[in-house]
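Undergrad: Sequence:
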Amino acid sequence: MKKPQHLKRAASALGIIGASIALGVSGTPALAATDGDPANYIVGGQPTNSPNIVQLSFQTEGEQGTFGCTGEAINSEWILTARHCTEGSQDMKAYYSNDTSNPGPAEASDRVVNSPNGDVGLVHLETPHEVSSYAQLGDGYTPSAGDHGDIFGYGLRANQGQPDWLYTAGVNVLGTSTDAYEGEAIHIRGDDGASNHGDSGGPLVINGKIVGVCSTGDTVDPGADTQAGSNYANLNDHRDWISQQTGV
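Under mature numbering (1 follows the signal peptide of the UniProt record, and there is no 0), residues -32 to -1, 1 to 216 are what the sequence shown spells out, in order.
Just so you know, the hints here were simulated from the structure itself, not pulled from any lab data. Any given hint might turn out to be false.
Okay, the calculated beta carbon distance ranges per label pair [what the hints assert, rightly or not]:
1) Asp208 <-> Val188: 31 to 39 Å
2) Gln195 <-> Asp132: 31 to 39 Å
3) Asn140 <-> Gln104: 36 to 44 Å
Below 20 Å or equal to it, Euclidean Cα-Cα: the simulated SDA-like pairs (lysine to any residue) are [claimed, not checked]:
4) Lys177 <-> Gln130
5) Lys177 <-> Asp132
6) Lys177 <-> Ser100
7) Lys177 <-> Gly215
8) Lys177 <-> Asn204
9) Lys177 <-> Val99
10) Lys177 <-> Ala126
11) Lys177 <-> Gln32
12) Lys177 <-> Pro73
13) Lys177 <-> Gly114
14) Lys177 <-> Ser44
15) Lys177 <-> Asp78
16) Lys177 <-> Glu94
17) Lys177 <-> Glu150
18) Lys177 <-> Thr214
19) Lys177 <-> Gly191
20) Lys177 <-> Glu75
21) Lys177 <-> Thr95
22) Lys177 <-> Gly129
23) Lys177 <-> Ser211
24) Lys177 <-> Asp205
Note that CB positions come from ideal geometry on N, CA and C, so glycine has one too.
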């Protein structure tokens, strides 16, 4: 079996992975892609809206270009995402619009912190940003084959197509696995859609609560396979750490 691939994405112009971040309306960065190493975009699924699922833009030490991931605002100051998005990141910014071509004003971050237990990271905003509702975190999820959930993200569409909005898809739990940092993960398979580059850090929601964040894909490129597999870092081993950092 090939090594799972991180699902962050290098923001790209004209769909060329690894290019500098594409410019959207009025010179605003269009935040939908990260490199072929970490996050994926959702293949299939359908567009949706959320006040708390944000687009993240950042640079990474030792790598050229601008990268993008998905994150979830858990209160007015903190955003949950993947550690492979936050670790070594610079100039991290959050955008609260669900529109990838017009993401709205940038919300600057003054620091990021990385979980010691696996592929989970947190972004702290320089200035608090209030939204109508915040992402709710689960506590104590045990992966069980056959469980159904939903994933969300700003990742690439089928065959590396550029996303235009926040997308969601239904998925089925296969069991347990490991994330990009050998932490406990939830192994899932797409039902009507699958994660792709740029979905890194995006949530896996089961019974209305986030139980995991997007870490790796089972394949380098899912193409148009809406039933591709991926691994979401299980929040179980991170909940105390998240609470200590954020109060959530």
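Undergrad: Decide, hint by hint, whether the structure agrees.
TA: Right, here's what the structure says about each hint:
no., hint, result
1, Asp208 <-> Val188: 31 to 39 Å, "34 Å, holds"
2, Gln195 <-> Asp132: 31 to 39 Å, "23 Å, violated"
3, Asn140 <-> Gln104: 36 to 44 Å, "22 Å, violated"
4, Lys177 <-> Gln130, "28 Å, violated"
5, Lys177 <-> Asp132, "25 Å, violated"
6, Lys177 <-> Ser100, "17 Å, holds"
7, Lys177 <-> Gly215, "17 Å, holds"
8, Lys177 <-> Asn204, "13 Å, holds"
9, Lys177 <-> Val99, "18 Å, holds"
10, Lys177 <-> Ala126, "27 Å, violated"
11, Lys177 <-> Gln32, "35 Å, violated"
12, Lys177 <-> Pro73, "28 Å, violated"
13, Lys177 <-> Gly114, "17 Å, holds"
14, Lys177 <-> Ser44, "18 Å, holds"
15, Lys177 <-> Asp78, "27 Å, violated"
16, Lys177 <-> Glu94, "26 Å, violated"
17, Lys177 <-> Glu150, "23 Å, violated"
18, Lys177 <-> Thr214, "17 Å, holds"
19, Lys177 <-> Gly191, "29 Å, violated"
20, Lys177 <-> Glu75, "25 Å, violated"
21, Lys177 <-> Thr95, "26 Å, violated"
22, Lys177 <-> Gly129, "29 Å, violated"
23, Lys177 <-> Ser211, "16 Å, holds"
24, Lys177 <-> Asp205, "16 Å, holds"
Violation of the numbered hints given earlier is confined to hints 2, 3, 4, 5, 10, 11, 12, 15, 16, 17, 19, 20, 21 and 22; the remaining hints are satisfied by the structure.
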